[in-house]
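In the order they appear, the protein sequences are chains W and P. Those letters in the first sequence? Residues 1 to 392, per this note's numbering, in order. Those letters in the second sequence? Residues 1 to 392, per this note's numbering, in order.
What the hints contain is simulated information worked out from the structure, not anything from laboratory work. Among the clues, some could well be false.
[To be verified] Calculated cross-link-like contacts (lysine-lysine; reagent style PhoX-like; alpha-carbon spacing at most 25 Å):
hint	chain 1	residue 1	chain 2	residue 2
1	W	K366	P	K262
2	W	K181	W	K244
3	P	K288	W	K260
4	P	K370	P	K244
5	P	K260	W	K288
6	P	K370	P	K247
7	W	K262	P	K262
8	P	K260	W	K366
9	P	K247	W	K260
10	W	K247	W	K370
11	W	K234	W	K262
12	W	K262	P	K366
13	P	K244	W	K288
14	P	K218	P	K181
15	P	K383	P	K288
16	W	K383	P	K288
17	W	K366	W	K262
18	W	K366	W	K247
19	P	K366	W	K260
20	W	K262	P	K244
There are 2 protein chains.
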Amino acid sequence: MTAAFSCPVFLPSTFSYNGNRYHGRIKIKINATSSTKVKTLNEIAGAGKGSSSLATSTEIGHLSQEQIRQRIPTKKQLVDPYRQGLIIERGVGYRQTVVVRSYEVGPYKTATLESLLNLFQETALNHVWMSGLLSNGFGATHGMVRNNLIWVVSRMQVQVDHYPIWGEVLEIDTWVGASGKNGMRRDWLIRSQATGITYARATSTWVMMNEKTRRLSKMPEEVRDEISPWFIDKRAISEDVPEKIVKLDDNARYVNSDLKPKRSDLDMNHHVNNVKYVRWMLETIPDKFLGSHQLSGIVLEYRRECGSSDRVQSLCQPDEDETLTNGVEQSLHKNMILTPGIMEGNGYLGPLDVKSYGYTHLLQIKGDSKNEEIVRGRTRWRKKLSTLPNSS
Amino acid sequence: MTAAFSCPVFLPSTFSYNGNRYHGRIKIKINATSSTKVKTLNEIAGAGKGSSSLATSTEIGHLSQEQIRQRIPTKKQLVDPYRQGLIIERGVGYRQTVVVRSYEVGPYKTATLESLLNLFQETALNHVWMSGLLSNGFGATHGMVRNNLIWVVSRMQVQVDHYPIWGEVLEIDTWVGASGKNGMRRDWLIRSQATGITYARATSTWVMMNEKTRRLSKMPEEVRDEISPWFIDKRAISEDVPEKIVKLDDNARYVNSDLKPKRSDLDMNHHVNNVKYVRWMLETIPDKFLGSHQLSGIVLEYRRECGSSDRVQSLCQPDEDETLTNGVEQSLHKNMILTPGIMEGNGYLGPLDVKSYGYTHLLQIKGDSKNEEIVRGRTRWRKKLSTLPNSS
Chain W
1 MTAAFSCPVF LPSTFSYNGN RYHGRIKIKI NATSSTKVKT LNEIAGAGKG SSSLATSTEI
61 GHLSQEQIRQ RIPTKKQLVD PYRQGLIIER GVGYRQTVVV RSYEVGPYKT ATLESLLNLF
121 QETALNHVWM SGLLSNGFGA THGMVRNNLI WVVSRMQVQV DHYPIWGEVL EIDTWVGASG
181 KNGMRRDWLI RSQATGITYA RATSTWVMMN EKTRRLSKMP EEVRDEISPW FIDKRAISED
241 VPEKIVKLDD NARYVNSDLK PKRSDLDMNH HVNNVKYVRW MLETIPDKFL GSHQLSGIVL
301 EYRRECGSSD RVQSLCQPDE DETLTNGVEQ SLHKNMILTP GIMEGNGYLG PLDVKSYGYT
361 HLLQIKGDSK NEEIVRGRTR WRKKLSTLPN SS
Chain P
1 MTAAFSCPVF LPSTFSYNGN RYHGRIKIKI NATSSTKVKT LNEIAGAGKG SSSLATSTEI
61 GHLSQEQIRQ RIPTKKQLVD PYRQGLIIER GVGYRQTVVV RSYEVGPYKT ATLESLLNLF
121 QETALNHVWM SGLLSNGFGA THGMVRNNLI WVVSRMQVQV DHYPIWGEVL EIDTWVGASG
181 KNGMRRDWLI RSQATGITYA RATSTWVMMN EKTRRLSKMP EEVRDEISPW FIDKRAISED
241 VPEKIVKLDD NARYVNSDLK PKRSDLDMNH HVNNVKYVRW MLETIPDKFL GSHQLSGIVL
301 EYRRECGSSD RVQSLCQPDE DETLTNGVEQ SLHKNMILTP GIMEGNGYLG PLDVKSYGYT
361 HLLQIKGDSK NEEIVRGRTR WRKKLSTLPN SS
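Looking at chain W on its own, in the form it has when it is part of the complex:
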């Protein structure tokens, strides 16, 4: 129901809702109060005194100006013509049509993984936007704001079968479901609008955190009543037993130290953006491998957030045993739900045709006494066709 990708939380596999203090360093309120709204508008107006048209037209009032400019719906909308969004799935799923933009593609004119992650965040927020439940925060509902709750993501998994190309029209479906008693799952499917072929799937897990105490929170009845009518029992990626990601240590093959978040890496919550994490992870893999392989899947397990003053270390380790990797990859493929594309024979022809390579990742903050994990990751890769022998 949200997309605060930038605000991950420490989430052990079993955790207590009492006393599990979150180590975050959020510097501004995520759910804007009246005073932060005014401050934001001052920022927006921007120019020196009297030089800004927005600053001088005071008769409208600051708060309503932001409302006029954003126009967040207060009631459920079925169609959003500006975002090309549509409520589907008996009124609770969301579909948005997007065109792959020129700056969202990389050297091969194909959309980058970062662009896909950005589109996941965008469509998730637009889904909440359409629901009429969006408060002024980053995906929080009215009930969450009343309870000082924000969303934090604990896990994200993406599988990319085909990368969209520049100018291609895509349909992105997203929906939410229950995840245990107090969590929420959000899934995505990206399809070609022209052919209907599924290009990518993703799933994520979310929990709630009290913004003031920084502790994980149970989902209040009030919030459950808001969001549970939107739950759909359908999965983009069916995985019986989530693969456990081992924790790397200083013996990891590749280490990139002293990574420093820059001003341009911070999002509207003043946090290092989730996409930046992925960039740090992938940049630690040797260039030669990146040049000859294409990412087919990624799993991220978030442990804690990263502030703007932290120094980050990125570690990664290639799998030694390719056979093992392929076994895991194949079992993942077998467990995928049957989408129309697969059923029509457009999908995977068999386990023997899949050759994949795996990397394990860790981002951590180097501390004086001990290191603190930010996120663990697993990436899977396939060889680019043009580097295979006998490729056309």
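Fit chain P to the supplied structure of chain W, relying on the hints for placement.
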């Protein structure tokens, strides 16, 4: 008529079309030939042999698959429903409605300069897309492809009066005009869709380069016949005498050395993206200044392109004499064209209300014997309102 921002050219104020060899290092053809198309599609199909639905449905043929996925128009279109684009201005201007996405805003929920630059590139390319003139390259027309010509940008200027906020609906107008005998100007205006207030203006200058000889080229009659019907004699920014940007040397106040382009910084031409240049420039300014000021304008003069193996140095120097800076800034404001927003009193109240601060920038490649300029820049800044005394 295009937006190859990533492919700047060395362009002295007077230059010879003969013998002025361009020092670029383009690694792939920008205007795809049949063979590069196939290679690109192999990249797109991506997965190992037989594991990709796109790779296996060979009956359609590779070339037509890319065409099906991109659907570049071969005739002029008046409306593009997917991009929300529209041909305006008696059939030759282009207007696109866009919504500011969640990942396009920074810490204050306002769109970043990088996002605006990206939207300029995107709308320029979509303008060519709609014209029916787009070949498969990065904004090149059919006549340009026949003559092995590509676009290179020599100058770019942006003025931002107000930064759009997350979720705001914008109208971006873009059009082209003549620039001398052999050049082209492309301008942009960004307006609030809700209020009609102009938020930002931009102008850019383009010339043609022979892709094979790397030399600047006159505009062939064939190409002039294609694009001149699209020329409009209107300017987003009226500037009588373009400010000359001085070249910084090693005495510059702030220097950031050993900047290295990363894989994720390369665009579909395998060049360092224009936006990355701006990021390198701005990151060299001290954090304290960036935290209390907002960029109001930028001018970029491109000298040569930057390849993926270059080591880049970013220099910048604040203006010593604020009075002088303000004088220049004010003359710029006085020369701006009268847009509806300004005429209705929504604009600048007078020179005395504008306090701006200037920085001069230089990006260069550190060579063994000498340095090579990539781009010179000038940025202008205003204090953020919230940091002023007595601000609300």
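Of the numbered hints stated previously, which ones are contradicted by the structure, given in increasing order? Numbers 9, 11, 13, 16 and 20, in rising order.
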